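J.: Now for the letters of each chain:
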Amino acid sequence: MSNQIIGTPASTDQNEAVSEAGFKKNLWIIFLRLFLFILAWLSLYVFLKPFADWFTYKLIGLPPESHLGSALNFFVYDTPKVLMLLVIVVFGVGIIRSFFTPERTRKFLAGKRESLGNVLAALLGIVTPFCSCSAVPLFIGFVTAGVPLGVTFSFLISAPMVNEVALVLLFGLFGWKAALIYMGTGLFIAMFSGWVIGKLKMEKYVEEWVYETGANAVDSGDMRISFEERIRYGIDAVREIVAKVWPYVVAGIAVGAGIHGYVPQDFMASIMGKGTWWSVPLAVIIGIPMYSNAAGMIPIVQALVGKGAALGTALAFMMAVIGLSLPETVILRKVLKMRLIATFIGIVGTGILFVGYLFNMIF
Amino acid sequence: MKIQILGTGCPKCSTLAKQAEEAAKQLGADYEIEKLTDIRDIMKMGVMTTPALAIDGSVKIVGKVPTVEEIKKIISGI
Chain A
1 MSNQIIGTPA STDQNEAVSE AGFKKNLWII FLRLFLFILA WLSLYVFLKP
51 FADWFTYKLI GLPPESHLGS ALNFFVYDTP KVLMLLVIVV FGVGIIRSFF
101 TPERTRKFLA GKRESLGNVL AALLGIVTPF CSCSAVPLFI GFVTAGVPLG
151 VTFSFLISAP MVNEVALVLL FGLFGWKAAL IYMGTGLFIA MFSGWVIGKL
201 KMEKYVEEWV YETGANAVDS GDMRISFEER IRYGIDAVRE IVAKVWPYVV
251 AGIAVGAGIH GYVPQDFMAS IMGKGTWWSV PLAVIIGIPM YSNAAGMIPI
301 VQALVGKGAA LGTALAFMMA VIGLSLPETV ILRKVLKMRL IATFIGIVGT
351 GILFVGYLFN MIF
Chain B
1001 MKIQILGTGC PKCSTLAKQA EEAAKQLGAD YEIEKLTDIR DIMKMGVMTT
1051 PALAIDGSVK IVGKVPTVEE IKKIISGI
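Going down the list, the sequences are from chains A and B. Heads up, the final residue of the first sequence is numbered 363 in the working numbering, and it's a clean run with no missing numbers. Heads up, the final residue of the second sequence is numbered 1078 in the working numbering, and it's a clean run with no missing numbers.
Excised from the complex, chain B in its bound form (with noise of 0.2 Å):
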């Protein structure tokens, strides 16, 4: 599974990495992370508010910080 922050840096994007790689983890999924900074990365994902998250190259959250337990829902519901 491919885990992908979207966010140009600021201390929301790092606050949502910890929370998807925590419930990851919690899952014991087999994952990698990817941080995507680059403007022009995050539009082609087409997203304009950030922090986002995108699993597997689908995004599935813009311009909010999940808790932990949103973001389980969120990889197991695949």
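Here chain A stands alone, though its shape is the one from the complex (with noise of 0.2 Å):
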């Protein structure tokens, strides 16, 4: 992309037309540029399978039922079709979150009634980017503002739960009926829990100074922005988090490649496999304290899946790791007292093994 699209026009009394006409043809050759990358995108897509087993099978000549020509296969198919299908993602979702800032986000929750406010809570935790180290001056931020507790806990369930990087990898590596089941299950834990906190009238487990704290709102979030910036928005969101999360994708590739084409088949089905009932707590139980990011899992996951795994299994693996981090639970003790914690991973907890037991009897 070009430096043009970088800068603010200035609009300044002199030039307000010339700048005009300029940004209309500017707005022309954006969306060319758009349509030709989605159009080469798609092309390039289409050929990731057959070039995959050409590769393999013909240029390196390995038989397609040896160990080595399933794994390498399998890596050189999925490696360049999920960070495809990353990038494509990551780049709409900029663009969409740009129109959702956290200001906003709380004007519009402020006040809203409980149920209903979960529900929107939930949805707008998808498309309202933050950082995982805003977590603590969102919530002072929302709470201050009259965003009701449990409302507020549905945002802040939402946003790491629902994940783009895991709905990509999950549709990419599983197909879109998981990916839907997850993002629904997700959002239903964050509306879910939300509002249980709400009922259990939790608000005196709150630090008492995040209430003396006045947050006097500023009204940054309500800057205009143009189409260019949006899309500028869109090509950073892919930089920051493609680039943070490419070689997680890869290794995790290159790990469910080897267990693709070596590990036998149904090997994992005694350990993680439908049959076992317990798989799916202990999987809860041993992914809170781990701290990792789907991007690695995922694809992990799909070729212990592949080996006779349970997906709900190993869906509420990822969602307990994701959801429920050690790590996160520490900076919210800044705010919250041991009991609304503990609160919480417990109702968070048990929606993850609802939505484990769920998978497991659908798939």
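Please note that a few of the clues may not be correct.
[Said to hold, decoys possible] Part of the chain B face toward chain A, derived, beta carbon under 8 Å: (1) 1036; (2) 1040; (3) 1043; (4) 1048; (5) 1074.
Because the hints were derived from the structure by calculation, they are not lab data. If you're wondering where the values come from, they're calculated on a predicted model, not measured in any experiment. Ideal Cβ positions, reconstructed from N, Cα and C, are used throughout, including at glycine.
Since each chain comes alone in its own frame, lean on the hints to assemble the complex.
T.: The structure is reproduced here in structure tokens:
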């Protein structure tokens, strides 16, 4: 992309007419570029599978039945596929996110009734951008602005739980059904947990100083930004997120490829299979203290599922790692008392268990 | 000119501090830099998403790390 879309056009009185015309022309160029980019993306994507087959079986000459051939084919096909999906989705999400600043979200949620508020908060949690180090200031900002405690929790749970990188990987490696159920159940957990915390009236378990901190709202979120700048947001998001997760994705797929090629069929069935009822709670308990990201784990999970592990168990493990991480609860301890943190872990954990069993029933 | 970096100390905050310093130097501005790391101080400025940048007490950027060029525009725009 060229440099011209970085700058904001200066709109002084003299050149307003000129910049108006220039802006329209610019917009066409942007749309054309977007169109060409998507076209190139699609045509490349279609050729990934034939290319992987040609590369492994013809060029290198490995037989498809061999361990190495099957592992290499898996790696050569899945790595570019997942990375390409990541680029396009993160770009799209970046653009959508430029419409939803946390300040706007807070204003929108302030004073909303509980149940409806929980639903809206969970949905907004997906599209509102914030990094995990902002969890505490966001919490204070929401609560002091009059967003009910349960609604705030729905937002804070949904944001990490329904994660776009996880969504892409699930779609790319398991298909749209798994991705859709993951998103649906993630939203459900966020709404349900927030609703329960609201019903339990746990406001007194928030540290006192939180309510004393008067958060004077700054309307910095209401700055109007142009379409060009939204595209820039998308590109920035791709740079930032893809640069961060690609090593995990590649490493995960490499390990997954090894499992795919070398671990015997049905090996995992006895440990993580559907038949073993205790595997879901065990996966959640092991998952909570772990701190990892979905990017490296899902490809491994996929290979394990291919060898007989149950999808629900694997997903419950992933959700526990992402949604209930110990480091995040340590951060929340600054604003919440132990009782509320324990309740939070208990409710979200129960939700994840439910999702695990549900997936195991469906798939 | 007073440049304030608001953030609890994540890597992005220190990147922002470096960028802001670089921008001020390039403009040859007379500046002092201050880091606000206590959540209460940050909340008092009305900021919920870190890192954030304030110039002379007014918040200019929240929730992202701008480029040096962007910061220069903000500084000279005053």
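J.: Each hint: holds or not?
T.: Hint by hint, here is what the structure shows:
The criterion of a C-beta within 8 Å of any C-beta in chain A is not met by residue 1036 (chain B), whose closest approach is roughly 11 Å, and the hint is violated. For the restraint placing residue 1040 (chain B) at the interface with chain A, the shortest Cβ-Cβ distance is roughly 6 Å, inside the 8 Å limit, so the hint holds. Annotation: residue 1043 (chain B) was flagged as interfacial toward chain A, and the flag holds, the nearest CB pair being 5 Å apart, inside 8 Å. With a least beta-carbon distance of about 4 Å to chain A, the hint placing residue 1048 (chain B) at the interface is held under the 8 Å criterion.
Because the closest C-beta pair between residue 1074 (chain B) and chain A is about 11 Å apart, greater than 8 Å, the hint is violated.
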